[in-house]
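Trainee: Single-letter residue listing:
2 protein chains.
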Amino acid sequence: MTNQAFQDSYPDDLSHCYGCGRNNPHGLQLKSYWDGDETVAQFQPRAEHTALPGFVYGGLIASLIDCHGTGSASAAAYRAENREPGSLPALRFVTANLNVDFMKPTPISDVLELRGTIREIKEKKVVVDITLSSGDQVCAKGTVIAVKMPDTMSPG
Amino acid sequence: MTNQAFQDSYPDDLSHCYGCGRNNPHGLQLKSYWDGDETVAQFQPRAEHTALPGFVYGGLIASLIDCHGTGSASAAAYRAENREPGSLPALRFVTANLNVDFMKPTPISDVLELRGTIREIKEKKVVVDITLSSGDQVCAKGTVIAVKMPDTMSPG
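Taken in sequence, the protein lines are chains A and B.
Using my numbering, you'd call the opening residue of the first sequence number 2 and step up by one each time.
Using my numbering, you'd call the opening residue of the second sequence number 2 and step up by one each time.
Isolated chain A, as found in the complex:
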């Protein structure tokens, strides 16, 4: 696995996301890495992330898939351009479409693992397929269609 999380290479003013921003102390602070040609992230759900007792609520699963997807899109775009992650101008993506299949109830007790594969990459659009597993069980599958961040969202 690579050493630096994708999200930790984002510029400071793009690092406030509740799902994955290092500058959001209340948030989930998801960290995603390359593992060969796949992207991987792990997350330990908190007790309050419950749906029904013992299981994770769907919104957390959707949030993790979403942020792992946009992070993977950004990393894939840097890699496609042979650029150092985080080098300027920043390549940051937002989600145009998120689709999640909830396949099994997802236990809240154990670490969840997300694994992403880059299905399609164009200059302004990256499609990422993601599985979310608990142990050896795939509990959810998702696809993120990520697009280059519009200028209207840029803080800079």
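Misleading hints may appear alongside valid ones.
Identical copies carry no separate label here, and so any pair may be met within one copy or between two of them.
Simulated pairs of lysine to aspartate or glutamate, DMTMM-like, Cα-Cα distance not exceeding 25 Å [what the hints assert, rightly or not]:
| # | residue 1 | residue 2 |
| --- | --- | --- |
| 1 | 126 | 14 |
| 2 | 125 | 13 |
| 3 | 149 | 121 |
| 4 | 149 | 124 |
| 5 | 105 | 152 |
| 6 | 32 | 137 |
| 7 | 142 | 152 |
| 8 | 105 | 13 |
| 9 | 105 | 124 |
| 10 | 105 | 14 |
| 11 | 149 | 49 |
| 12 | 142 | 130 |
Source of the hints: derived by calculation from the structure; they are not laboratory data.
Keep in mind the model is a prediction, meaning the values are calculated, not measured.
Let chain A serve as the given structure and place chain B on it in line with the hints.
Mentor: Here is chain B on its own, set in the frame of chain A:
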């Protein structure tokens, strides 16, 4: 609008969801109601729910659509059976598929409104189409395919 939120008619042991459970003090506590044949919910994002400064992160939008969808599915199932919401046996639904189109950056400052319409209703499956708006702008559209809660998730 009806007076009691769908989620407030759930049995106590089914009311721990981070997105919509009244028994989850850390959660979002989304409340959904009938407005004629549509379902409606409002939510004021918190400061930490940011994506980039000024805008809501996608995971919150997905979470709200998901919980409004399953709540709407439950309410529609009770209505279809001419039963009082919350009467036993409980009709509780979970999400099989969540699909969200993020159409515009969603401002964090204002109250968000979700409106649901029941596209399809069968005994074990309800499909709900949902818009999420800020003011008069629809910022996201989603569809929730909700299925009757499997016995393996039931705490009872």
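Trainee: Hint by hint, note whether the structure agrees.
Mentor: Status of each hint after checking the structure:
1. When the C-alpha separation of residue 126 and residue 14 is checked against a cutoff of 25 Å, the pair qualifies only within one copy, where the shortest distance is 22 Å, while the shortest distance between copies is 43 Å.
2. When the C-alpha separation of residue 125 and residue 13 is checked against a cutoff of 25 Å, the pair qualifies only within one copy, where the shortest distance is 22 Å, while the shortest distance between copies is 47 Å.
3. For a Cα distance limit of 25 Å, the shortest separation of residue 149 from residue 121 inside one copy, 14 Å, qualifies, whereas the shortest one across copies, 35 Å, does not.
4. Taking identical chains as interchangeable, the C-alpha atoms of residue 149 and residue 124 lie at most 25 Å apart only when both belong to the same chain, with a minimum of 8 Å there against 42 Å between chains.
5. For the homomeric pair residue 105 and residue 152, the shortest alpha-carbon distance between copies (12 Å) is at most 25 Å, but the shortest distance inside one copy (38 Å) is not.
6. In this assembly of identical chains, the alpha carbons of residue 32 and residue 137 lie at most 25 Å apart only when taken from the same copy (21 Å versus 35 Å across copies).
7. With identical chains, the CA atoms of residue 142 and residue 152 are at most 25 Å apart between copies only, with a shortest distance of 22 Å across copies and 30 Å within one.
8. Taking the closest pair of Cα atoms, residue 105 and residue 13 come within 25 Å of each other only across two copies (23 Å); inside a single copy the shortest separation is 37 Å, beyond that limit.
9. With identical chains, the CA atoms of residue 105 and residue 124 are at most 25 Å apart between copies only, with a shortest distance of 20 Å across copies and 35 Å within one.
10. In this assembly of identical chains, the alpha carbons of residue 105 and residue 14 lie at most 25 Å apart only when taken from different copies (20 Å versus 37 Å within one copy).
11. Taking the shortest alpha-carbon separations for residue 149 and residue 49, only the inter-copy value of 23 Å comes in at or below 25 Å, while the best intra-copy value is 33 Å.
12. Taking the shortest Cα distances, residue 142 and residue 130 sit within 25 Å of each other both inside one copy (8 Å) and across copies (21 Å).
The structure meets every hint from the earlier list without exception.
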